[in-house]
Amino acid sequence: MKLRYGGDYNPEQWPEKVWDDDHRLFGAARIDTLTVGVFTWGLTQPAEDTYDFTILDRIVERAAAEGRQICLATGTGAHPAWLARKHPEVTRVDFEGRRHRYGQRHNSCPSSPVFRRLSAEMARRLAARYAGHPAVVAWHVGNEYGGACYCEHCAAAFRIWLRDRYGSLERLNKAWYTTFWSHTFGDWDEIEPPSALTEHWRGPDHTAFQGITLDYLRFMSEAMLTNFRDEKAAIRESDPDTPVTTNFMGVYRPIDYHRWAADLDFASWDNYPPGDDLPEWMAFWHDLIRGIKGGAPFWLMEQTPSTTACRDVNPLKRPGVMRLWSWQAVAHGADAVLFFQMRAGKGASEKYHGAVIGHAGRDDTRVFREVAELGAELEQAGDAILGARTPARVAVLFDWDSWWALEISDGPSRLVRYHQVVLDYYRALWTAGVGVDVLPVTADLSGYEVVVAPVLHMVKGDLAARLAEVARRGGTVLTTFLSGRVDEDDNAFLADVPGPLGELLGIRVDEWDARPAEVINPVRFGDDTTAGGSLVFEIVIPQGAETVATYTHDFYAGSPAVTRNRFGEGEAWYVATRLDQPGVDRVVGQVLDRHGLRGPFPPVPGVEVAERVAPDGRRFTFLLNHGSEPAELVARADATDLLTGDRVTRGSTIRLAPKDVLLLQ
Amino acid sequence: MKLRYGGDYNPEQWPEKVWDDDHRLFGAARIDTLTVGVFTWGLTQPAEDTYDFTILDRIVERAAAEGRQICLATGTGAHPAWLARKHPEVTRVDFEGRRHRYGQRHNSCPSSPVFRRLSAEMARRLAARYAGHPAVVAWHVGNEYGGACYCEHCAAAFRIWLRDRYGSLERLNKAWYTTFWSHTFGDWDEIEPPSALTEHWRGPDHTAFQGITLDYLRFMSEAMLTNFRDEKAAIRESDPDTPVTTNFMGVYRPIDYHRWAADLDFASWDNYPPGDDLPEWMAFWHDLIRGIKGGAPFWLMEQTPSTTACRDVNPLKRPGVMRLWSWQAVAHGADAVLFFQMRAGKGASEKYHGAVIGHAGRDDTRVFREVAELGAELEQAGDAILGARTPARVAVLFDWDSWWALEISDGPSRLVRYHQVVLDYYRALWTAGVGVDVLPVTADLSGYEVVVAPVLHMVKGDLAARLAEVARRGGTVLTTFLSGRVDEDDNAFLADVPGPLGELLGIRVDEWDARPAEVINPVRFGDDTTAGGSLVFEIVIPQGAETVATYTHDFYAGSPAVTRNRFGEGEAWYVATRLDQPGVDRVVGQVLDRHGLRGPFPPVPGVEVAERVAPDGRRFTFLLNHGSEPAELVARADATDLLTGDRVTRGSTIRLAPKDVLLLQ
Amino acid sequence: MKLRYGGDYNPEQWPEKVWDDDHRLFGAARIDTLTVGVFTWGLTQPAEDTYDFTILDRIVERAAAEGRQICLATGTGAHPAWLARKHPEVTRVDFEGRRHRYGQRHNSCPSSPVFRRLSAEMARRLAARYAGHPAVVAWHVGNEYGGACYCEHCAAAFRIWLRDRYGSLERLNKAWYTTFWSHTFGDWDEIEPPSALTEHWRGPDHTAFQGITLDYLRFMSEAMLTNFRDEKAAIRESDPDTPVTTNFMGVYRPIDYHRWAADLDFASWDNYPPGDDLPEWMAFWHDLIRGIKGGAPFWLMEQTPSTTACRDVNPLKRPGVMRLWSWQAVAHGADAVLFFQMRAGKGASEKYHGAVIGHAGRDDTRVFREVAELGAELEQAGDAILGARTPARVAVLFDWDSWWALEISDGPSRLVRYHQVVLDYYRALWTAGVGVDVLPVTADLSGYEVVVAPVLHMVKGDLAARLAEVARRGGTVLTTFLSGRVDEDDNAFLADVPGPLGELLGIRVDEWDARPAEVINPVRFGDDTTAGGSLVFEIVIPQGAETVATYTHDFYAGSPAVTRNRFGEGEAWYVATRLDQPGVDRVVGQVLDRHGLRGPFPPVPGVEVAERVAPDGRRFTFLLNHGSEPAELVARADATDLLTGDRVTRGSTIRLAPKDVLLLQ
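Chains as they are written, first to last, in UniProt numbering: chain A, 1 to 665; chain B, 1 to 665; chain C, 1 to 665.
Next comes chain A alone, as it looks inside the complex (with noise of 0.2 Å):
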């Protein structure tokens, strides 16, 4: 047993000849795990009344035979042209109102019967071909779930899920306030589907009714997965305990993650940054992935070797970067390291993406070299780590319905994008060295000392008063600036803002301004340094709480920006501004000072450090240099760098070239 490692491997796409360069590269490699037959629908189905596993099978039993493991694909990630063809409603009407033809992938109505047959026998046929067999170690699912459909089938589905889940027109009336712009529904089916022909103006986030939106994007990420759903009962006919995945995304808004958790068998994710140099931003999805399973080790299911292909501009992963970002998903919790894609296919969309094995075949390439020195280190490594799980004591919340409520949401400003602000906090809280637990607003918070919410708009059910039971047990909430403005149906709380939070925070904001991204309002902290605030600026009246901050600019110069009010046995802080990122880190360690919270090493710059606890109490340090100089830490314990065997003696220098990975035990 050790950390997976491989990945998506389609060899369908070429003769068998070939697959015998792939195994004698893979062993060179190290790989162990291979992904297959992820888009084999149209290969698997060729026509509706016909099944033909022969290529598969040839497959599986290649990878068998080789010693490899397979994450088996149900295939369903893109339909046949035959089944559109003969089933137009199978694929998708766009938010245009469009209704598409065969093409691209993801490219099915999730609502379709046709699909929701179709698909769930694919699942059915494989599970029934290859429960049991022991190269199959894991089911994926589909494919990155993801857009959304508008047809009519769909349209009939949302009003079901919208009679499940209000009761009464007269309940969703008044959900979605209605008697705005006489838009009282006096029947279920003169519902429509939120779009570009109905609600919307300038696209997606510009919608008339926020409620109509928000059940929409409720609705359309829970009929996805209601189709991962049918596979997966599908599959669990004939394989009762083959652990069942699909692969998540990271930043994707439309589909939310939390509300699937519970059906996947374990978590897993395609890691590609949106640029190349934001440890934090993964760091942020590692951590969410895992915390999606309440912990639980995950996939890193896929990752470029080199380069990616969609992208405007494909920048290439300079030499040790691929290394550094997979030791770097180890750190927060994966327990394999699997790559999109083994060998480059010769056309199509993704003929430049990178892979393990490029088109002219050869093992002496940099990035060949690269993956085969990681996979002996990965074989170094061992055992030893799988299962580890991140110890955290702070955490930070996030939560799709706020995202989608704040970014829908008409005023006070597009310009705030959720993502962002969450990450602004995690980055500080990362760039401290502190483990984190991302979580859902679900989640038991019992355990943490310290929960940072930042842009909380959507306060739902019990989730005040768990938070405000943080801070009288000790620990300190922090949240900011446009949070506690809606209930669950997106209806503002006929109170002070911040509605449910008020009373924890200690204040109440009277009005709220708004300016373009340019107009910096200094905020000063009680020593006379400053920080910027932007964007928002929420006029605060103190109810209680101290001020930590204050505006310095405008009529509102003089009144808090940012706020502590001690409650119970501990503390809620405010920040009413989009604080810039030296503002954040300031208001963020002050908290994190109160807990005597700071990671095992005292900050360096590029220098990430995580740590994972085995079940048998064995603690892992990653050190992770992500910057481009290389840096030092003193050691402040004896121990073993699992990955060259040197020893560290306690006080002695730690010294991390560029890009470098040290894994202490």
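It is worth saying that the hints were derived from the structure and are not from the lab.
Some hints here could point you the wrong way.
Same chains, same label: a pair holds when it works inside one copy or across any pair of copies.
Unchecked claim - With a straight-line cut-off of 27 Å between C-alpha atoms, the simulated BS3-like cross-links for lysine-lysine are: (1) LYS174 - LYS460; (2) LYS346 - LYS460; (3) LYS293 - LYS2; (4) LYS86 - LYS293; (5) LYS174 - LYS17; (6) LYS346 - LYS174; (7) LYS86 - LYS174; (8) LYS2 - LYS346.
Got chain A sorted already, so can you dock chains B and C onto it with the hints?
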């Protein structure tokens, strides 16, 4: 009697017990007028054969009982959901050719027989019910008319409109110049609405046939006017007297407000400037709206007390700004100051739009305090100003046809925006402090000493003769580049540019250059000072006119950029390029000097001066400090500030705090 | 016989009495050739069963009577309104899947049987009527062919085209690499035109299947060629001899002009450069258009005498510029200089497009004066240049397939634009003053010493062998990054990059980086000078080639950015990044130096030198000063300026005023 004060009030959105709070707070703020029922169609007609005025009755009765007056809306600005489902024809087909389904507001096809029948029937029933009700002081038909429809009903109506306009296809083919690109129409039914599917490329301003597009703009504006007329006629069946209006918008190109004017009993508009420091923009639109009804007082139907919601960034009105802008409206002729909205709704797209009463229902917010203080001031001012008129010896011409023709034109420059250039010239007049009427080109010009008609692209009917008459009798006419280019059909005059204006201006334009916005050609005046020219550079060959300023760059350096022609007893000026604001100020200043036209005070930066004269001859002078610095002026006569009762003596210094207002009598 | 002079003439748009003025002014300007009937379908066929050539007869007869010759258009560039109404199939379905209705021009579906039948019938009847007319010297079929259609007729025609191309679905599936994303086609009818509704995202360049999109581009270009052939064949039924052409455009990607070449009797194009100071852009397109027909003289079919109309900003041609650009066309092989348009129409979208005769009909405008002066000059030049050829020892390859394949590719960089890179290299040659032929990749390369093929993304047929032959016999081949990547089906070569060019170039590309445009990696040459590299950075491993320049930054610093490989008697150069212009100039300069290839004069900034050689061996040297400063050159031989008759003696100084032209013999 006093200036009305109040705004849009939608109590149907909340429980009746809240109405008590509403009226209590209205009392505190001296609110006397409520606009009711703007979006109540779904409420008052819950099904095609069911009308229900119960709630509206209660709203009206309660207001009346509280002594408040009502501007009663017909509620047809958004149709109910059942209507769209039962009669899909009531929804619009957009510019892209897509039939919309139920959603949003301002969503009805103006040519739909069903919509026309049922909207008129709603107005009929409302009038039958509330005509004669002592609280009802005005009818408010529809809401912010606008948008466009391209459906088959509209196509058919367009063809009928064209038959009426042209009589024969021969005349139409000539007007549209259809020999070009083989477009000759041989049958009325061959004519299609100009859209993305027919004559347009790159959007609504890029058309292959300007004549078709121009006529569709005219038709659509009139189709919506027909909707207004339908409802007004239905009201008049029961209520012969109560004045009827609808609320216009600022800088709204699709509706030709001048062609609507005769049908409105009084004008009203919604003041949402596209920025928070545009006093001259607001002044211009106040003057334009006043000009629509020949100078009669109008209503400021909507303004936000604090923030908008629909903008990307929604800044807050600073302290004093709401008061300042309210008095500015009055200074320019408003007899009513109304807000959108009296109480914030809790859901949907306007929940963050500012309101007199916020979600928490407080009376101690800054916004409520300022509203209440203004209420007291308006009460203090009493009936003095009511019905007063604006004295003006300067007219600025504004012409929807020129606006349309210019901005749908291919060549010479898409960067010239009609409203911006007109505003440049208005700004110069506004800064100089002179009273201005903004008028349609059909207006009687005989009472004006100066007529400014920037970018008078289209010259129709006897306009050229009437402008010549202004100069002949000693007045001054000023126009600019891209004037006198096309006739009513948007066909170029087959004559020297500027066509019928050539003799008056004493010039001909031989050719014209257009350059990107960053290319500035300094224009030199006789005293060797310069101003910047940009965008379009016409090469003028004087035919009698005197050269006032010349280009300094390019091959046309030394040729005239500004000319003045003596004509009869007066003068005609031509500005051949887009001058920067100092250049426009200078040219306008020379014109004003000739007529000794200057405001009552020497200009002070940021301070606006405006006058109204009551029917009994009392003169009211408004001093409005839009700036952020205190200002001082010297009193030119003894006077009383109606807002404070303070006396001002001639020669004394008047001090205006930032955002402050004085109303001298 | 002389160089033709004239242009598009549409007298059907105005009364016959104006024709007298037209011809009087044509006489004054020495206009001898008129393009007639470009958009007359609606006139000549007012209904399906009615043809009426009355007006066209008069136009032709009048021109003939005045001694002018006619380029007679078939007028099918826009269909009549009745045709669209009666046969909606003639209109196009756009990329978004929307069926257009009547409007604009270039509006016919190329696959519509009705359009094909009636357009050919129009050509047939015109030819039957005017064949043999002594004034008719050429046929002008359609107009500026372009755009695309995605209707069912096109889908069906595409499937037939695919059957012809591939023979079997098996071959097609292989070519399109359809195993990817489950796309295997089992029936021809499953294939859809690639559009926003099928394979595309973010527009026409973003496709899931490059093979499908590439083939549709090829198909659509050929479908329109079929339209041209239909009409030409119909003409040939009556008129076996008069040459037939259609007017091409510059930088027009959708139509593969090389594949059209064989069907045109002579080439012609419309010169509307995308800026007003792009002499090398125009030179390139002149050379490309000349290259289409193997170097035979072409017609400059359209240019504006003054301004365009359809741009956002339409600058005026400065004095002398129209003359300069006209002579530039002649210098590069034009035997005709024609304008759009002879007289300005008064309505619709081209009313502000420049014309020889403006709306006022004057002959004393600057524009008319310059046109008349050029007319006199052309008359003065007489027949000397007619039929002269351009001597060139350098070929630049231009390939529509590479253009398409590169720009629809996912990865490595959307910022690389084919035409821009080719123009970089052409500019270096142009600046050096050497004669260049711009050729298709199928051209015979045996006569050239230097072949420059930038971004030769796709390598088809025996091209690699023919390039190798150029070097083997002592010539030089130069190519760049992103060359040799794909085969004719856009499938990657399963070999080291640059595939079949590897041996010739003596390199292999191991991997490649792509960076945003602002990232510059200085490239250092042997003499320590540097040039900027950007966009794409290929990491080259020499396989025999010598390193000419190296990267200086990033982890590939020191590795080759420019290489030279000795091959046979010659050399092959590779440039692995997008060099800035000085870098390209330097590399190209080194290549030219090897062959002693320099223009007849040392380069002078802004001055273009071009040569033509008459069949009798007379050599004409054109000196064109595009700059804004006077220029001086030293005469290299005794000569006569054909435009002034001035003698130039060897060694004397030739002075060229800004925008001036000399034509030395």
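Evaluated hints:
Taking CA atoms no more than 27 Å apart as the test, LYS174 paired with LYS460 passes inside one copy only; the shortest distance there is 17 Å, against 54 Å between copies. When the C-alpha separation of LYS346 and LYS460 is checked against a cutoff of 27 Å, the pair qualifies only between copies, where the shortest distance is 16 Å, while the shortest distance within a copy is 50 Å. Taking identical chains as interchangeable, the C-alpha atoms of LYS293 and LYS2 lie at most 27 Å apart only when both belong to the same chain, with a minimum of 21 Å there against 67 Å between chains. When the C-alpha separation of LYS86 and LYS293 is checked against a cutoff of 27 Å, the pair qualifies neither within a copy, at 39 Å, nor between copies, at 48 Å.
In this assembly of identical chains, LYS174 and LYS17 lie within 27 Å of each other by CA distance solely across copies; the values are 17 Å between and 65 Å within a copy. In this homomeric assembly, LYS346 and LYS174 come within 27 Å of each other (Cα to Cα) only across copies, at 10 Å, whereas the closest approach inside a single copy is 55 Å. Only between protomers do LYS86 and LYS174 lie at most 27 Å apart by alpha-carbon distance; the minimum there is 23 Å, versus 42 Å within a single protomer. When the C-alpha separation of LYS2 and LYS346 is checked against a cutoff of 27 Å, the pair qualifies neither within a copy, at 32 Å, nor between copies, at 55 Å.
Comparing the model with each earlier hint shows violations of hints 4, 8; every other hint is respected.
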